[in-house]
Amino acid sequence: MGKVSHMDESRVVIQMKDIVKKFGDFTANDHINLTVHKGEVHAILGENGAGKSTMMNVLCGLYKPTSGQIFINEKEVHFSSPKDAIDIGIGMVHQHFMLIPPFTVADNIILGVEPVKGLVIDHNTAREKVLELSERYGMKVDPDAKVEDISVGMQQRVEILKVLYRGADTLILDEPTASLTPQEIEGLMEIIENLTADGKSVILITHKLKEITACSDTCTIIRQGKYIRTVRVDEVNENELAAMMVGRDVNFKVDKKEMTPGEVVLEVKNLHAKDYRDVEILKGLNLTVRRGEIVGLAGVDGNGQTELVEVLTGLRKADSGEASLLGKDVFNKTPKETFDSGISSIPADRQKHGLILEFSNEDNLILQHFEEEPFAKKHMLNRKAVRDHAVELIEKFDVRPRGCEAAPAGTLSGGNQQKVIIAREVTNDKELLIAVNPTRGLDVGAIEFVHKYLVEQRNKNRAVLLVSFELDEIMSLSDRIEVIFDGQITGSVPGKDADEKELGFMMAGGKGHE
Amino acid sequence: MNKKKSILDSNVFYTLIAIAAGFIIGAVFLLIAGISPAVAYGKLLNSIFGKPKYLFWTLIYASPLIFTGLSVAFSFRTGVFNIGAEGQFVVGGLTACSLGILLDLPAVIHVPLCIIAAAAAGMIWSLIVGLLKVKRGIHEVLSFIMFNWIAFYLSNYVVNLAVIHKEGGGEASKDVLDSARLLFPEGVRKALDCSAANWGIIMAVAAAIIIWIIIEKTTLGYKLKAVGFNSNGALYAGINADRSVLTALGISGALAGLGGAVQILGMSGRLSQFAGQEGFGFEGITVALIGSSSPIGCIFSGLFYGAMKYGGSKLSIVKAPSEVVDIIMGCVILFIAISQIFRVLFARFGKKEGK
Numbered sequence: 001m002g003k004v005s006h007m008d009e010s011r012v013v014i015q016m017k018d019i020v021k022k023f024g025d026f027t028a029n030d031h032i033n034l035t036v037h038k039g040e041v042h043a044i045l046g047e048n049g050a051g052k053s054t055m056m057n058v059l060c061g062l063y064k065p066t067s068g069q070i071f072i073n074e075k076e077v078h079f080s081s082p083k084d085a086i087d088i089g090i091g092m093v094h095q096h097f098m099l100i101p102p103f104t105v106a107d108n109i110i111l112g113v114e115p116v117k118g119l120v121i122d123h124n125t126a127r128e129k130v131l132e133l134s135e136r137y138g139m140k141v142d143p144d145a146k147v148e149d150i151s152v153g154m155q156q157r158v159e160i161l162k163v164l165y166r167g168a169d170t171l172i173l174d175e176p177t178a179s180l181t182p183q184e185i186e187g188l189m190e191i192i193e194n195l196t197a198d199g200k201s202v203i204l205i206t207h208k209l210k211e212i213t214a215c216s217d218t219c220t221i222i223r224q225g226k227y228i229r230t231v232r233v234d235e236v237n238e239n240e241l242a243a244m245m246v247g248r249d250v251n252f253k254v255d256k257k258e259m260t261p262g263e264v265v266l267e268v269k270n271l272h273a274k275d276y277r278d279v280e281i282l283k284g285l286n287l288t289v290r291r292g293e294i295v296g297l298a299g300v301d302g303n304g305q306t307e308l309v310e311v312l313t314g315l316r317k318a319d320s321g322e323a324s325l326l327g328k329d330v331f332n333k334t335p336k337e338t339f340d341s342g343i344s345s346i347p348a349d350r351q352k353h354g355l356i357l358e359f360s361n362e363d364n365l366i367l368q369h370f371e372e373e374p375f376a377k378k379h380m381l382n383r384k385a386v387r388d389h390a391v392e393l394i395e396k397f398d399v400r401p402r403g404c405e406a407a408p409a410g411t412l413s414g415g416n417q418q419k420v421i422i423a424r425e426v427t428n429d430k431e432l433l434i435a436v437n438p439t440r441g442l443d444v445g446a447i448e449f450v451h452k453y454l455v456e457q458r459n460k461n462r463a464v465l466l467v468s469f470e471l472d473e474i475m476s477l478s479d480r481i482e483v484i485f486d487g488q489i490t491g492s493v494p495g496k497d498a499d500e501k502e503l504g505f506m507m508a509g510g511k512g513h514e
Numbered sequence: 001m002n003k004k005k006s007i008l009d010s011n012v013f014y015t016l017i018a019i020a021a022g023f024i025i026g027a028v029f030l031l032i033a034g035i036s037p038a039v040a041y042g043k044l045l046n047s048i049f050g051k052p053k054y055l056f057w058t059l060i061y062a063s064p065l066i067f068t069g070l071s072v073a074f075s076f077r078t079g080v081f082n083i084g085a086e087g088q089f090v091v092g093g094l095t096a097c098s099l100g101i102l103l104d105l106p107a108v109i110h111v112p113l114c115i116i117a118a119a120a121a122g123m124i125w126s127l128i129v130g131l132l133k134v135k136r137g138i139h140e141v142l143s144f145i146m147f148n149w150i151a152f153y154l155s156n157y158v159v160n161l162a163v164i165h166k167e168g169g170g171e172a173s174k175d176v177l178d179s180a181r182l183l184f185p186e187g188v189r190k191a192l193d194c195s196a197a198n199w200g201i202i203m204a205v206a207a208a209i210i211i212w213i214i215i216e217k218t219t220l221g222y223k224l225k226a227v228g229f230n231s232n233g234a235l236y237a238g239i240n241a242d243r244s245v246l247t248a249l250g251i252s253g254a255l256a257g258l259g260g261a262v263q264i265l266g267m268s269g270r271l272s273q274f275a276g277q278e279g280f281g282f283e284g285i286t287v288a289l290i291g292s293s294s295p296i297g298c299i300f301s302g303l304f305y306g307a308m309k310y311g312g313s314k315l316s317i318v319k320a321p322s323e324v325v326d327i328i329m330g331c332v333i334l335f336i337a338i339s340q341i342f343r344v345l346f347a348r349f350g351k352k353e354g355k
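In the order they appear, the protein sequences are chains A and B. Heads up: the first sequence runs through residues 1 to 514, numbered per this note's numbering. Heads up: the second sequence runs through residues 1 to 355, numbered per this note's numbering.
These are calculated hints, taken from the structure and not from any lab test. Careful, some of the hints might be misleading.
[Said to hold, decoys possible] Which stretches of chain B does chain A cover? Using the computed rule of at least three CB atoms under 8 angstroms from a CB of chain A, they are:
# : region
1 : 231 to 244
2 : 327 to 339
[Claimed, not checked] Partial list, computed: chain A residues near chain B (C-beta under 7 angstroms):
#  : residue
3  : Tyr165
4  : Ile356
5  : Glu358
6  : Ser360
7  : Ala376
8  : Leu381
9  : Phe469
10 : Leu471
A quick note: this is a predicted structure, and the numbers were derived from the prediction, not measured. From the three backbone atoms N, C-alpha and C, an ideal C-beta is built for every residue, glycine too.
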């Protein structure tokens with residue numbers, strides 16, 4: 001793995017002992033323990049909603065624990081605000097960046113602790129300090145660039161520099177890779193390496209097992225607010241970590257019974273369409289999906305996947321071509337018409353397209369059916385029917401917390417929002433289900449769940465089109481893999497014996513075996 | 001404990017704090033102007049609650065404001081911003097007034113006809129803006145503001161037409177025929193000692209209840225809210241977003257038009273030529289904000305604003321400027337807008353107390 005450990009086990013920098021945090025009757029943290037050493041990368045692993053963030057918010061002074069003790073460098077501390085935690089050397093990099101886009105990188109970093117000369121900000125000193133820090137830890141940033149002009153990975157570096165600038169010895173990174181590209185993730189790993197080499201400690205909150213095994217020394221697992229155990233990462237494998245996290249064995253391999261694909265459900269012929277810049281992006285695409293098969297569309301983002309799905313779901317008008325569903329024309333119809341013809345979809349952007357976040361979960365679950373019986377009668381909503389429907393689906397699809405029927409969808413965690421959408425679309429039970437990046441940002445338990453339902457649709461003899469940027473996902477689920485490159489299907493391989501390298505080659509524009 | 005928490009979370013609580021804060025700041029301005037706040041506020045309260053007939057006048061003042069408040073609140077709830085309630089109110093009033101003068105019909109036909117025509121006028125005024133938005137992508141706020149001025153000048157133009165203008169009557173239209181008036185029967189008005197007592201308030205409350213039902217209980221409300229909150233999500237789910245925006249603006253415009261009709265057919269009985277916009281539509285924004293954009297809330301905030309307007313008009317008797325009412329209302333809105341600060345303060349205060 002090539003990872004070098006810089007952990008100094010003789011020096012404990014942070015110790016949380018029996019931390020309990022209650023919100024009203026709800027116990028978010030129930031006797032949590034954590035010990036972090038100097039130079040250690042300590043991962044905190046837990047499902048969405050397990051209490052990871054609460055725990056870290058206690059550590060960085062945002063929440064007061066209901067009971068329990070915190071020791072920093074073996075001295076007990078009581079934080080009354082995040083400032084106390086920062087002053088003692090604990091800095092948190094939040095999942096959602098807190099930067100001011102029109103300000104420069106340097107200005108963002110010094111905000112609140114500006115070096116001053118008389119009454120004005122000393123920009124030169126600020127720049128120098130920022131440059132010095134970024135060089136020391138191998139973080140390439142341009143202090144004069146405006147934050148609105150730089151990439152997400154760069155913005156994250158600015159956030160890390162922000163806490164370093166404030167003198168942090170321990171950095172808490174909350175889901176740091178959630179919005180990064182693979183290259184940026186590699187860059188982040190290097191930064192973490194440089195930080196620990198310099199004696200800093202890093203606490204990594206994540207639910208991605210690969211990252212834990214790749215870069216952490218130890219891992220503390222929490223489940224439903226409770227401390228499970230702390231393990232040395234080199235002594236466990238990914239499966240064991242996953243099982244500890246969800247409390248049962250997790251099946252990474254998807255079980256699929258043998259099936260012979262049936263009649264053609266979706267047939268797309270010679271499709272041409274433009275993207276939002278009015279540049280042709282689909283250049284004569286052909287695709288078929290049959291009953292009882294999952295077709296995985298593999299490709300690098302930006303090769304026309306998004307536009308294809310938009311055309312099929314009625315959100316975008318294509319220039320020319322044909323699209324039919326069981327012989328019915330579905331070319332350039334409205335979203336309502338395509339839905340009524342038998343296409344349902346799990347959209348890529350669950351907050352933009354999948355849900356009305358301000359609506360309650362029960363209202364979201366009837367989004368395509370609110371005008372139909374039993375949910376409506378003579379233009380009046382039947383609240384009882386809507387509620388009953390939601391109670392049933394929330395139970396069946398394991399949406400947490402239970403009893404969230406009337407709560408706005410926006411209050412759910414990302415994984416549970418996705419479950420609401422899956423519940424709705426799978427219940428729609430249309431001839432064709434299109435799923436776009438259906439497991440993005442979900443923890444392993446939720447991923448397993450989503451996969452189970454996609455396979456179930458296939459086993460019910462429905463057609464499934466899976467569009468995903470995760471090659472692992474495509475390979476483990478698909479019966480047939482179609483590679484999309486530059487607006488055309490450039491290769492097709494059976495899912496069973498697909499080879500990752502060959503797929504990667506084809507996705508980059510190489511020709512597969514003809 | 002839970003009860004306390006729910007009070008601290010409720011909008012009503014912060015609205016009341018904002019109102020109190022508005023009065024305190026109004027008092028500061030009165031002091032600066034050298035007027036005793038006690039005297040001025042005493043007069044204000046006395047002018048509202050002093051006699052039963054004052055209360056009826058408050059209701060009369062409140063009716064059109066409840067309508068424009070509902071108009072704006074409905075637009076807020078459905079994701080558009082009807083800043084054009086002013087213009088819709090004016091064309092509604094103008095239509096009701098013109099038909100009330102020009103037609104001579106039995107009251108059972110005349111009154112409903114004028115009211116329906118006024119609602120239709122407000123609706124059309126708003127729909128033109130809606131069509132510009134949907135078909136041409138022009139932001140509704142821009143066109144609404146322009147349409148407010150078009151309505152204003154149109155109204156002044158019509159008032160001066162020979163068939164409408166009152167000969168030798170100064171700057172106003174003829175009186176609306178009695179058969180078109182919304183007044184209570186004369187005996188009732190005499191008994192109440194209030195010459196302009198009318199059905200407006202009952203119509204306003206009924207409209208608020210109907211709008212509440214539309215928003216909360218019907219599939220139409222569901223659809224309009226879905227588009228208002230997230231038009232992309234609604235589109236994805238197969239809801240025709242353009243049609244929803246037009247429906248929302250149409251209903252919103254009709255409500256403002258009704259407000260205009262109630263003002264003319266109820267209270268004033270004629271249309272005056274104005275030097276500047278009257279402001280019923282803009283006051284509707286205030287009413288909607290104080291009422292947390294809830295139709296039922298608009299009844300109460302409309303009554304509050306109506307009372308302040310009526311009471312404020314008497315302030316000159318104690319040599320206090322009636323503008324102090326505008327200052328108070330402005331501050332109330334400001335404090336509602338920053339109510340989050342109070343929330344944080346109370347949360348912190350509560351925590352310390354709990355420790």
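Worksheet item: Count the residues of the region 231 to 244 of chain B with a beta-carbon closer than 8 angstroms to any beta-carbon of chain A: does the count reach three?
Response: holds (count 9)
Worksheet item: With a Cβ-Cβ cutoff of 8 angstroms, does the region 327 to 339 of chain B contain at least three residues near chain A?
Response: Per the Cβ count (0), the hint is violated.
Worksheet item: Under the criterion of a CB-CB separation shorter than 7 angstroms, is A:Ser360 in contact with chain B as hinted?
Response: Check failed: Cβ of A:Ser360 comes no nearer than 11 angstroms to chain B, outside 7 angstroms.
Worksheet item: Once the shortest beta carbon distance from A:Glu358 to chain B is found, is it less than 7 angstroms?
Response: holds (4 angstroms)
Worksheet item: When the nearest CB of chain B is found for A:Tyr165, is that gap smaller than 7 angstroms?
Response: With a closest approach of 27 angstroms, the A:Tyr165 hint is violated.
Practice prompt. Please verify that hint: A:Ile356, Cβ, nearest Cβ of chain B, below 7 angstroms or not.
Written response: holds (5 angstroms)
Practice prompt. Classify the hint on A:Ala376 as holds or violated, based on whether any CB of chain B lies nearer than 7 angstroms to its CB.
Written response: With Cβ-Cβ at 5 angstroms, under 7 angstroms, it holds.
Worksheet entry | Minimum beta-carbon distance criterion (7 angstroms), A:Leu381 to chain B | Constraint on A:Leu381 satisfied, holds at 6 angstroms.
Worksheet item: Hint check: is the beta carbon of A:Leu471 less than 7 angstroms from a beta carbon of chain B?
Response: Violated, because the Cβ-Cβ distance from A:Leu471 to chain B comes to roughly 27 angstroms (cut-off 7 angstroms).
Worksheet entry | Satisfaction of the A:Phe469 interface hint, Cβ to chain B closer than 7 angstroms | violated (20 angstroms)
Going through the hint list in order, the structure does not satisfy hints 2, 3, 6, 9, 10.
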